[in-house]
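Engineer: Sequence:
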Amino acid sequence: MKILFVVSEVEDLVKTGGLADVGKALPLALAKLGHDVTIVMPYYKQLADKFNAADCCDRQTLYSGQKPYEFAIKSLSLEGLQVLAVDFPEYFDRKGLYSDDYHAYPDNAERFAFFASAALQAAKAVGFQPDIVHCNDWHTALTPYFVSIDDSGFFAQAKTIFTIHNGAYQGTHRFSDIAFLQPHYQLHSQLDGDALNFVRMGIRYANKINAVSPNYAQELLTPLGSHHLFDEFQNRRSDVSGILNGCDYSQWDPINDPHIAKTYHCDDLSGKKDCKVALQKELKFPKKMRVPIIGMVCRLTEQKGFGFILPMLEKLLQHDVQVAIIGTGDPEISQLLREVADKYPQKLVFVEDFSVQKAHMIEAGSDFFLMPSLFEPCGLNQMYSLAYGTLPIVRAVGGLTDTVIDLAEDPSNATGFIFKQPDSSALLSCIERALLFYHEAPKLFVQTQQRAMQSRFTWETAAQEYQALYLS
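Take 1 as the starting number for the sequence shown in UniProt numbering and just add one per residue.
None of these hints come from the bench; they were simulated from the model.
Pairs of lysine-lysine residues, derived as PhoX-like cross-links and limited to a Cα-Cα distance of at most 25 Å, are as follows:
id: 1; residue 1: 420; residue 2: 315
id: 2; residue 1: 273; residue 2: 443
id: 3; residue 1: 124; residue 2: 67
id: 4; residue 1: 358; residue 2: 288
id: 5; residue 1: 284; residue 2: 358
Given the sequences, and given the hints that come with them, work out the whole structure.
Structural biologist: Below you can see the structure in the form of structure tokens.
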């Protein structure tokens, strides 16, 4: 099949989050299955500065009413895959992809409405006639609409897939502010007042809708888990499915990780002890091997469970533990974490930063990894943690349920600890259960670590499931 993969970021080219991981790994895995995949993305300033790519065809022009939008198409390569980058400096020659620091660009709706259409024009310009147009998250959610109204015949046989990586980000904007869409009078029937919801448009116009884990797909079909789009998902219920993201074990494997103090594998965990010593030294914790380390690497947002973590954090620190939290985000959350860390310097270290090195050190040197998310479409850190024998403590949501097996539910297959209720007492109780297991059953703890390390969530498996979805 010929697959046009439309996405706003791609790892190794430009990245702000997990969407970029999928933007690279899934197209490469599909290509390995024999499919002809072309990626389309914006030509951001970061790409221009890094690659200074050449135009791959004549300049293109889209018209919105009488207004022309003239742009170039740059050609890049990603491990042999063709990447088409839409070059429109007025929209994409900026410091950030979506924002300057924490402030989203006010014209994001205009920028990505244009991109959703320009991505299709790029495919036409190079003669790439797809069987499948695969769109990802709100930035590309209007592309299925543009496919549906294209009258050139170029996309007559194409089917569209809309993948929801995080349904909380919906791209809701005032329609009257989106100049590119003003001639599209048929969109007036899609508005809520003057608001156009991009994700709603993706759900309505794509041939199939999928989420990045089976459990998250089921949550989207419930009033509580649908991010206020329950009726939309219910109307398309038969077209909604979930496919679990893979994990890039070429970057996350303790057997050959260059970022950690000593490599190790599931048959010999001695190197993990060296990683723990190195982490304690790095974070200036007291060197105590029998004190469990609970690690956390994440964005500082409500989604990641800080509404449960902060109220119980001082109670947790009454135990003999060391807690390491690394991340950036909400200034209010970071201020509260700093205050607690100042109060308990021997037990809590908060690093308001992100570095690949520290993320790998946390995964390798911790005994537990904390991920008590309010919602979690797929999640990757719990997969990394499993690979490193760092037992995840997670809430029973989204992809966390699909990847972690709770000790109490299934002791012989357990790989971590799960709690259900979204509150501090349930979280604290779950952590205390994990600490008790660590201290009272050291041999079983090691066996659980080894079992966790044998878990595998590969992009090859995910690509085969996407192939089946395309064929359907």
